[in-house]
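Protein chains in written order, with numbering that gives the first Met the number 0: chain A, 0 to 368; chain B, 0 to 368; chain C, 0 to 368; chain D, 0 to 368.
You can take every hint at face value.
Any copy, or any two copies together, can satisfy a pair, since identical chains are not distinguished.
List of simulated lysine to any residue pairs, SDA-like, C-alpha gap at most 20 Å:
(1) 228 to 198
(2) 98 to 165
(3) 113 to 228
(4) 41 to 161
(5) 228 to 119
(6) 228 to 116
(7) 98 to 160
(8) 98 to 286
(9) 98 to 43
If you are wondering where the hints come from, they were derived from the structure by calculation, not from laboratory data.
Protein chains: 4
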Amino acid sequence: MHSHMTGDSLDELRGELRGVNLELLELLSRRAELVERVRAVKQARGLPIHAPEREQAMLEELEARNPGPFPPATIRRLFAEIFRASVDLMERGKDEVLKVSRIAGRDDLVFRVKGELVGAGPVLIAGPCAVESEEQIEVAARELARLGVRFLRGGTFKPRSSPYAFQGLGELGLRLLEEAARRHGMVSVTEVTDTRAVELVARHADVLQVGARNMYNYDLLREVGRSGKPVILKRGLSATIDELLWAAEYIVAAGNVEVVLCERGIRTFERQTRNTLDVSAVALLRRMSFLPVIADVSHAAGRRDILAPLGRAALAAGASGLMVEVHPWPAVARSDSEQQLTPAELARFLDEVGWPHPAPRPVAVAGGT
Amino acid sequence: MHSHMTGDSLDELRGELRGVNLELLELLSRRAELVERVRAVKQARGLPIHAPEREQAMLEELEARNPGPFPPATIRRLFAEIFRASVDLMERGKDEVLKVSRIAGRDDLVFRVKGELVGAGPVLIAGPCAVESEEQIEVAARELARLGVRFLRGGTFKPRSSPYAFQGLGELGLRLLEEAARRHGMVSVTEVTDTRAVELVARHADVLQVGARNMYNYDLLREVGRSGKPVILKRGLSATIDELLWAAEYIVAAGNVEVVLCERGIRTFERQTRNTLDVSAVALLRRMSFLPVIADVSHAAGRRDILAPLGRAALAAGASGLMVEVHPWPAVARSDSEQQLTPAELARFLDEVGWPHPAPRPVAVAGGT
Amino acid sequence: MHSHMTGDSLDELRGELRGVNLELLELLSRRAELVERVRAVKQARGLPIHAPEREQAMLEELEARNPGPFPPATIRRLFAEIFRASVDLMERGKDEVLKVSRIAGRDDLVFRVKGELVGAGPVLIAGPCAVESEEQIEVAARELARLGVRFLRGGTFKPRSSPYAFQGLGELGLRLLEEAARRHGMVSVTEVTDTRAVELVARHADVLQVGARNMYNYDLLREVGRSGKPVILKRGLSATIDELLWAAEYIVAAGNVEVVLCERGIRTFERQTRNTLDVSAVALLRRMSFLPVIADVSHAAGRRDILAPLGRAALAAGASGLMVEVHPWPAVARSDSEQQLTPAELARFLDEVGWPHPAPRPVAVAGGT
Amino acid sequence: MHSHMTGDSLDELRGELRGVNLELLELLSRRAELVERVRAVKQARGLPIHAPEREQAMLEELEARNPGPFPPATIRRLFAEIFRASVDLMERGKDEVLKVSRIAGRDDLVFRVKGELVGAGPVLIAGPCAVESEEQIEVAARELARLGVRFLRGGTFKPRSSPYAFQGLGELGLRLLEEAARRHGMVSVTEVTDTRAVELVARHADVLQVGARNMYNYDLLREVGRSGKPVILKRGLSATIDELLWAAEYIVAAGNVEVVLCERGIRTFERQTRNTLDVSAVALLRRMSFLPVIADVSHAAGRRDILAPLGRAALAAGASGLMVEVHPWPAVARSDSEQQLTPAELARFLDEVGWPHPAPRPVAVAGGT
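Just chain A, with the same shape it has in the complex (with noise of 0.2 Å):
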């Protein structure tokens, strides 16, 4: 080996390597094609691409045969990196054909729900956790009409933890709830949590909302994405953004398109707040996807005094919307006291997010019916 050491010229040494690099350029492209076969086999019979532990067998035998000068670890390492960029291509791939993926040069999704714009500007989608009697949803939506806010939400079929809990006022609460909107000139917006009830809910609510605890019910999505009703759909508590966005497929290959994606924080060790709200998902799905993506700033924090700076976090990272509780008289709240804003901590909010002062619709129009 020291014999032709000495011996070497640079030049040509740098000419063999340029060789071995195209030649490497050219398996790397053959070894690409191979793997998007495997990936059409794999799509057609439903199988997952990620196969770690034959990786890891394949690994073995490559550090086996290694004849060197490349150390083990470093053969290792290499190949791990061109499998994972199989991998990526494949995933890649089979982002293609969704629905719900932002082709190059496709615009963001708009759409008008009673008049109103979603996709376009920010919009802010207030009202209490859950619809609690006549007069309290009415003095929050009229409280909220004043503040400018289109969109009032409220609770009426609740998913809660305890079977024992207050778990909304169903029908009755969708009444309460479609009728306070209708007074105000507002688009209401409820979740819905049952097949069954899907086509109640639709015809009572503007906007279903999925929350984060049904995102991976599948059955739900299908149905809600049949009823014809645009859809608030929430990230699951630790889903990842590729399952959103799957989840998300479901409603549009149901033929729905009006989705819009919900960020509400994800369940991290942090203690401090009750979910970690994650603004690189809101970043990414806006990234990946054409859909609108809002955030729900009171279920991330879990807590009042931040809400203002994630607000403005989530709608610096692009968010095109807010969704936050306010309830006229939050401590009394049945659900969510801890979080819920009055209506004066919302117009102090929105101050301190630097919302822009919508013109609030004149009461008496919007009232008049």
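Could you slot chains B, C and D onto chain A? The hints should help.
This is chains B, C and D only, laid out in the frame that chain A set:
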């Protein structure tokens, strides 16, 4: 303040705290009695139960009179919680208790399904991820029965991340599973994902399964609770132990105590495994509840090579059984191909786990039907 | 019980309820006082505040002794709430002694390094992951200075997962960084990982950095606290917000208040990003402490395409600055090549973030020294 | 494309992929040989090894010639990785391998410390969280020796979240531990946190421990690798299994193969336990490495009531030993009081775990040396 600091004994202080706790308990009970009497009066007069404005005023008085050291916000929060409990009490009487809890001295739940004991010695639930064809489930059942397995699992309504992936054979799958189980004298186990399908699935299957993705689907929990069939309830991807118990409470509260809790791995940052098997959950669930606890090692690991140590660990932590995915030909399985065992691999798994070799059912008899 | 129901006067009952409420208030306050004394004892002995097992036992006793009519689950919930309030009280007590805490009315910390303000307007800290050669750091510094960047970062002692990966140029790197910074009138920032190297690094660098991997390295924290140099302290990979503040307390307690907290993403289950940028942490750190908070968006994202929205979000949440990795030729960088920007990309990033275009230093003057 | 899709067999495609992988391996090795020759020439002529500009140009050519289907960015990334590996190779020769890996057929590491086997039958490491006084450690050692425990742990330099909490007795603690261990014929185990203290600690203790908070403290890892003492390396709070193995590699690469890996629970969202014991990590570490693996159940659980099931689970998953905190009087311990066992509780724990009752050392003889 300094003088008593050094003098304070932790044990004495704890004794005093205990005393105060018991006084609080008594006072809360007195309060609850008054609340019940208020309810009776209101009911007799047809008055509404919930009076948010009155509560709001009382909270303000309490906050004003608070001598500390609890900050006012804490006093507000604690009393709001007490008021909420009172409203709950008024609305539903006083007969509810946490039915899934292990009350002191309460024995483990043991029940029978088609003669097979659950909750006594460890049970093994095995079978393919999905029922794919008559031959596949028949071969699976035959091979499993030969190994002494009594519980045959097989997905018929599959919740899949992609709407375009294989979603199971549906009702056909139910019938194939039912027949295979009957031919081999086995208990059939299958997942139900839609409230509307519970009745159908319960007609064909012996045990219903609620998957991890549906653990928070409370409507479904209530419905399976009314089905009259035992239920295997899987822990959600990032559900806390408390949330799993509350989910079980939904089923039990609906009238069905035959619930088996299933740990199946939680979502963490670790990439080598699909999920992280949480054996502490197995141990704690056994301590906190009298319901049987099993572990699904296939979904926890997501790879075959560590199933045996995980199975041993789960049993060592107190699991009353294991669930394992077994497919006659895993490589061509339509889902989860990386983690399913062949029947031969299952035999080796059982050896490595040290599973007591149960006498296989005489095939002639079982298949005679 | 039935007899008095009808005879009850609503007003009398309400009066009694009010009385019980006030008794509860007094008892809760007594309890809180006891809790404060427990805290004093625990603090003196360095005992942990939270005792979940003891609480569990107490809850079981209370549940067992509950005379009704509150159901046991309610008693459990109410007392869990009371216990939580007590732990909060104990921990708030603890907070009050922290030097890093934001005492009511305390202004944000602002300090100067070589004339540059930190903690006032947003600062930008940029530079390559590692100092690799004289030419590389010189080109980087020159380009950055041209863009108005005042803080030049560059790793010289690199903590790497593999002992065989490039570990930095060490002392040579320190000198190259120092000279490049001096030539362009910039403030140099570099990481120190070993207590024994603090003195050396402090001789050459203007600002010391403690990396995420060393946030719990308390010996190092004490040592940088004695170095006389400002310190950037990065949050550990899965450190809680409280732990980060405690780590800062180590530095401040050693005599150095010029500490900058750096959020750099936490470890979660999400795979699309290297880490999850936690903007709630930025908001809460600003609220809980008077120290400046910055965000390292490069390590949070681990990819270039969402750096701008993350930068905007961090600033919107209250960050006093950003850290970004910039390399003249990222593709051939010896570490972190995926996430480093070129100077041209940094210029675009600053535009997208809406960064105020600072007047670049006159190069002649800066280089003249 | 459609024609071959349906015709493709997964097994055939995988065979072809394997072939391409082996060709890639050969080509990479050829490239590495060329790189070594380049290095020799450069070294002989005193030229710098790294030529970033040349690499940048080659990357551009490769990107331009890329025929797909890998996207250009992937080609750039893969070759950048290959170039980086080449520079690494040039800088350090070819003698490195991943020393901690379980090479096919390699036996488990077994070694002796003061006559006690590690890595053979399960070992028990027990003792107080911290050495607090001569009497405390003496009583602990005596009671533990009586139960047959051979490894006495005790913290002397304690890493604590708060700078104001008890930090250990330091050098005094080291001497107390050393003497107690000698009197009872035990092996002493204690943590070292500072590179500057390694020599001191190694003079007094038989086994050095690197704590979870310092797993990424590579300077410390190198230093304990040179200490000549066996090392227990704890997994970081959220360290991946791969990162733990790399950390071990630092120690082994520094010349010390006597490393014991310690799983001690990872950080998750679950609140019932302090950490989540990851038994999959135990199983995988055993498979991936030949080093002994133990589990610290005390820190994993953070509570006493599930230590026995966790201990059983860890052993069942393949652990070669357990670490348990035992204190003569846990209630008054200066740290971790909630999770330390009394010696009597340890005896019960060992029974419940089914630990083989080792013959306790004759105290007279052991203490006589």
